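The listed protein sequences derive, respectively, from chains A and B. In terms of our numbering, the first sequence opens at residue 1 and continues consecutively. In terms of our numbering, the second sequence opens at residue 1 and continues consecutively.
Certain hints may be false.
Among chain A residues calculated to face chain B with C-beta under 8 Å, some are [what the hints assert, rightly or not]:
(1) Leu13
(2) Lys42
(3) Phe46
(4) Phe102
(5) Gly103
I should point out that these hints are in silico values taken from the structure, not numbers from a laboratory. If you're wondering where the values come from, they're calculated on a predicted model, not measured in any experiment. Virtual Cβ for every residue (Gly too), placed ideally from N, Cα, C.
These are the residues of each chain, in order.
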Amino acid sequence: EDQVTQSPEALRLQEGESSSLNCSYTVSGLRGLFWYRQDPGKGPEFLFTLYSAGEEKEKERLKATLTKKESFLHITAPKPEDSATYLCAVQLASGGYQKVTFGTGTKLQVIP
Amino acid sequence: GAVVSQHPSRVICKSGTSVKIECRSLDFQATTMFWYRQFPKQSLMLMATSNEGSKATYEQGVEKDKFLINHASLTLSTLTVTSAHPEDSSFYICSARTAKSNQPQHFGDGTRLSIL
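With the hints as extra help, turn the sequences into a complete structure.
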């Protein structure tokens, strides 16, 4: 069964304290892995797409990396405005309508 | 960037009422739209996938007669919750994507539905 697992469930950081969020997956045939940020009461906001092992993407304080089994979202010197729930999702190579499977998210709190 | 607009953002209505939620892609053609339901502190649960001009594909356990989906154009999909009851209260989110391979879904800001 295809699974997407995110860890930790919750993470509390001091402002400026760098850390990483993990998204591990057990799927057969990965077409793409997506990272989203979701603020309370809002829809997810797209951050990155990763397609193949070894790929990296960066945006401001965020950097996403991908291996054959997992992805990391590295947060460098976070600020309070980075507080949100971060979701990863995988898209399989099979599947006629290109469904993605979401992880349960990591709730990040950055304290000033 | 790709913008998806969802309306209304919040609905409060009496049990037995039917509620329609609209999802529009504002600056791209959405070949495929998705409807999700999200419970508190949980991730997104896919309800159905719709392709423009075709019948929606519903996930297992989702009642198609309860949750009517229409995707009549490349920029608009609607979800109608028919004869809503308190157990239908939830946060409903739509997303849209183009036909291009490997493109991400872009999400609306969700609709908070409360059935009294």
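The hints, checked one at a time:
{"no.": "1", "hint": "Leu13", "verdict": "violated (20 Å)"}
{"no.": "2", "hint": "Lys42", "verdict": "holds (5 Å)"}
{"no.": "3", "hint": "Phe46", "verdict": "holds (5 Å)"}
{"no.": "4", "hint": "Phe102", "verdict": "holds (5 Å)"}
{"no.": "5", "hint": "Gly103", "verdict": "holds (6 Å)"}
In the structure shown, a violation is registered for the earlier hint numbered 1 alone.
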